[in-house]
Amino acid sequence: MNAAARRSVPSFCYNCVAGPDLMRVGVEDGIAVRIEPDERAAAIHPGLGRVCVKAFGLIQKTYNPHRVLQPMKRTNPRKGRDEDPGFVAISWDEALDTIAQRLRDIRGRGLLDEAGLPRLAATFGHGGTPQSYMGTFPAFLSAWGAIDYSFGSGQGVKCVHSEHLYGEFWHRAFTVTADTVHTRYLISCGNNAEVSGGVCAVRRHADARLRGIRRVQVEPHLSPTGACSAEWVPIRPKTDAAFLLALVHVLLHEAARERLDLGFLRERTASPYLVGPDGYYLRETASGKPLIFDSLAGRAVAHDTPGALPTLEGAITVGEAVTHGPDGEVTPWRDVAARTAFAVMADSLKPYTPEWAGAICDIAPATIRRIGQDYLDHACIGETIVVDGETLPFRPVAVTLGKTVNNGWGAYECCWARTMLAVLVGALEVPGGTLGTTVRLNKPHENRLKSVVPGEDGFMAAHFNATRSGEWAARPTGRNAHRSLVPIVGNSPWAQALGPTHLAWMFATDAPKEWPEPPPPEMWFAFRTNPAISFWDTQRIVGTMGRIGFIVAFAYTMDETNHMADILLPDATDLESTQLIRVGGTKYIEQHWDHQGFALRAPAVAPRGEARDFTWIATELARRAGLIERYNAALNRGAAGAPLAGEGFDFSLATDVAHDTETIWDAVCKAASTALSGGGETHDLAWFREHGHHVVPFRREDWYLTPTMARLGLRYELPYQERLLRTGQELGRRLHEQGIHWWDEQLGEYMPIPVWHDVPARWERAVRAAGADPAAYPLWGITTKTMPYTTGNNAGIPLMAEVGRNLRGQGCVVVNATTAAALGIAEGDWVEVRSVTGTTRGRAALVQGCRPDTVVIPGQFEHWKTPVAKDLAWPSLNPLVPLSLALTDATGSGADVVRVALARCAPPAETLA
Amino acid sequence: MSGTRGGRRQRQWDLRAAGNFIGGGSGAGLLLAAALEGITGGTFRLTLALGLLLIGAGLGLVWLEIGRPWRALNVFFHPRTSWMTREGIMALLLFPLGLAAVATGSAALAAAAALAGLAFLGCQAGILHAARAIPAWRKPELVALIVAGGLAEGTGLALVVAESARWPVLLALAAGAAREVAWRRYRVALGRDGRTAPALAAFTAGPARLARLGQVASLVLLAVGAALPPAFGPMGPVLAGVGGVLAFLGGAAIKAVLVTRAGYTGKLTLPAVPVRGGGGPARQAAAR
Amino acid sequence: MTRYVMVADLRRCVGCQTCTAACKEGNATPPGVQWRRVLDIERGTYPDVQRVFLPVGCQHCDDPPCMEVCPTTATRQRADGIVTIDETLCIGCSYCIMACPYDARSLTGAAAYAFGNEPIVSEAQRGTRPAGLATKCDFCAARIDAGVARGLVPGRDPAASPLCVNACISGALSFGDRDDAEGPVARLLAENRWFRLHEEEGTGPGFYYLWDREAP
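Residue numbers (this note's numbering), protein chains in the order written: chain A, 215 to 1127; chain B, 458 to 745; chain C, 1240 to 1455.
Note that these hints are calculated values from the structure, not bench results.
Incorrect hints may appear among the rest.
List of simulated lysine to aspartate or glutamate pairs, EDC-like, C-alpha gap at most 20 Å [to be verified]:
#, chain 1, residue 1, chain 2, residue 2
1, B, Lys-724, C, Asp-1279
2, B, Lys-724, C, Glu-1421
3, A, Lys-1084, A, Asp-1067
4, A, Lys-287, A, Asp-307
5, B, Lys-724, C, Glu-1438
6, B, Lys-724, B, Asp-650
7, B, Lys-724, A, Glu-1041
8, A, Lys-664, A, Glu-597
9, A, Lys-664, A, Glu-1041
10, B, Lys-724, C, Asp-1342
11, A, Lys-999, C, Asp-1325
12, B, Lys-724, C, Asp-1325
13, A, Lys-727, A, Asp-549
14, A, Lys-1079, A, Asp-1067
15, A, Lys-664, A, Glu-472
16, A, Lys-503, A, Asp-492
17, A, Lys-1084, A, Asp-421
18, A, Lys-727, A, Glu-951
19, A, Lys-503, A, Glu-472
20, A, Lys-727, A, Asp-421
21, A, Lys-657, A, Asp-916
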């Protein structure tokens, strides 16, 4: 074959949130035949221009014979799993005109329905990654206006939800990572870096292991991350909060005070703030500023008093002060006894000894104590490191959390304790320590340091949803009521999708009587999402889906969700489409680069069949729906990833005409490269097609937030949670004023210092509440990820099944061998896992690396429509887990965990032969 | 668990491959019987022809099994080390000799064919012994079993076609006894090696037990058949004949088990586990 | 002399199967045939358990048992240690499969495709591997040869290195000339403790597994 027929096309893989990663596509005679590492990116990409196993499935993904390759419409108006949709092929014109006509009709009647909810809804799958494949569709969404994003496909329950909310609140950390390149001691509670951390994390951790990092994996089963750790601590599911609180206890009560980073605590945290008898900060009467006790002056002064040396502990009396309670209530105090926030914490944590936690977590107290002391021993307090010429503290200890630990009940406690473990030794947002990565609830998304602006009380500004009387959203503005129920999530564009997304599905059929019945959306866009199998109680979800007025699904193959659709639109997939996205800087999970910039995904091959580039689809929808000017204006504002005009450049598009895909991306490429290089370089679409990416150096110092906090003189809002206390009290009043008491359990989570409650017992109570005997469900059912299947919608890709099967437990129910023996289960036997909600069946994989009281079901399967996937006959935890208000925490999050029974069963009929 | 990965049952060689060992072994035994018949002045053509037929059938089955049957002649390219090539060469030798003996009735040619047959049988034993992936085939004791087994099966079967005489029965009895000894030695060897536990399990399962019962019964029948005085008329030869057939069937079944059910690859044992990061139990475990 | 070997650092490997997929795709092996794969092995008893990810495939032995038994001489050993299969000679007798203690060989079956009986576009473009032949890893010998011909160094230059090594995301796989004392592979072997599989077979595998640093 001649060289002209053989090409290597630069591209990227962003199938999981741990990307994007740079790669190339090998093309022969116009056909994509292989995925290749991008060796030319090795110098700038922390993963050396390599992509993980998922990317190698993109060839089969492109040429999957089951692809939907022309627009289709439903002919059977009845919707249901057992109804044949009767899809028939239609032209793009018919498909787009049908949708546009409905859009115009909706617009004519108003964006909101009679209940004040958006008539149009949209759901995108995993972690914001679909946005990197939907071209200019965000401009269409922006042009439209109010859209309900609350119908999740796992958001809130399948993500690291509480970490998103509290992490971003405390240290602008939408996701949290160790500074793995420097960390020496890492406590990982269920964080599965080796599976879902992406190529950057895998490489960083592998390097760290050779460097000698000691990672302790605390997890009920021996995941690949546990396998690659120095120590595995098999903890009882959902007791991580007790474990972490005990570690905080060890630091506070079993080590000399001087071993903590007292300077950091005094200067960078609210530890010295004085707390009054009512639980609120004592404040200067006139200014309202929180008080500290200045040990030099011997009296309480405002927290920002220059030259003050705050006291961290001790008996303190304040002559005059006020506290600011809920709803603006001001309480005056005189000669009041005060405790510092630090002292309140220390007192509160006193009972949480390793012995106490050991009994809860099923871990030897000596192990907990040793881990706490090892952590302290490795903290290097007082040491510094030079980064980018700046001398920064060096604290090479970190704590990371994983899914099911940092979502659902107990997650608040875990997030708080994890962050406090960093705070106590000054390891928050400094080299070696516990870091945030990016922001999504705050802006700008591309630079979390710039999202830090001074707010109240010496802290960063926080953007909670209002809870005060008259300001609170008394009626839900979205079907999951995120503004009404979850103040901390705020109301940024991402907030709704981070609200309690299962509530949208639950309230659709079981709405709170105190609020107007939420009518289903009149139209729903679904892209790269399959909630019909990826959420919980999947049968119920499918039923609810059938009530949505008109579903437009961007369809790759038939699947369980688009089975319910009215129109299927085939979009050009990964190797066929054009999009420029941001890369580098600090981004989700462990994407910490020394560069930042943009990478282009250009078509390596022509779209198959009648599949069309998403940008073309978005432009056509905008044009036909009469939104072209607003759409173009959104593009000009930056809806395609970069504003088209800026200082010294203007590549704005004329707003009155529909532009073709190339024109749009050419403008985006030029604007993005010009802005990135400060006007130094302007690269057009053709340049990006040849070179793939354009980056500039990114200062490593900007991986860390603490230098910015210090520059702005700000304190981390830790340890004491006065704001949360007040917010919870106000929210409680608002809800109770409406007679709502079904959120009272959740209100209990607004604790200024977390207090342990029996977290796992909640799941046993849920069994009892369902009318069953908890003794009949003696095991914990949990799930885990494997790299071939973690995100990427790969269940229909045969290559993933083939290589995935090399991993023990893939497609099976993983059971401790001793437990299995007691139940008469042998390797490979068919077993049924049963909960009060549903059942699942699969083959048993017997292992030693799993707690005897826990079964693990990897991935999300039980497809009944997706080609290839439906023939796998692999089990899934999803049908077993209830959609339950009682199992929803105050952030609107649930966790992938359920009480189950396990028994041998007959093999399914088709496998008998 | 001990840091090992259990053996996997080989599934490439199926009953067709087993058929080669069955046909080749019994064929070689028949050739030996025929040669002895020839030397003792008896008629041996039928016995010899049957032996050639069985060897040919076995090779035919293998021919059906290989991925590229039309390239089968490539099998002769590697006599220096490959027992399969050597087996092929012996086949090349024994068929002309055997066919010539059948055609001419020459006892000398029959004897030469029998010698080639014995070499052929030895090559078959060598084939299994050189299969380093399969510990149960690697046992030196298997070589004796394959040779003795082939002779027992062939000389047993010869009783059906040979002229009635006493010495062939004694020959079959001796071969059967030798097989019995070889079998016991092989069983002991399997039992001594942890890696061959799955093979041992295959040999203690139902089909193998039945086959072994047949082998033992054949010895009894051969002994009784040999011991019965002529006064009992055809009773002795009939019993011996049934014993001979049982000797063949029992041996064939055991070979089928050996090839298709006992062919487990060896366990993979890790000499050490990786030390992942500093100072943890991994280092301690690795040090153990 | 040149002796090409593979080095797998078990401290790095996470069992992700990226090498498996890269090999399958790059070498267009049919479904079920894996020249490179990563085993997932447990050791110990709960709760004292280790889980080891072990990249395996042809070990390119000094004394290859497969070569010894091969009746056709299809299996050969190059001067640089790479063990190859001449697909024009192989008769598909599977004897080599019985002889390989490393379970590294497969027999290609009748034409098989990812999605069933028909090849997808990319499979049709690549063509199918001929059926009925023994097949295994050849250290991407064609890439190595092409790279060397261009003056590149296998193991150092990706264009002259095996696909699995190029794709490995943890940096576990390294490749190169063991006899090049200054090369990366020789250095890894000198600085670390390693083992080879089935050393007792005397096969002299060209596949080394690092498990700890060499004691100082």
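| request: List in ascending order the numbers of the hints, as given earlier, that are violated by the structure. | output: 2, 3, 8, 9, 11, 12, 13, 14, 15, 17, 19 and 20
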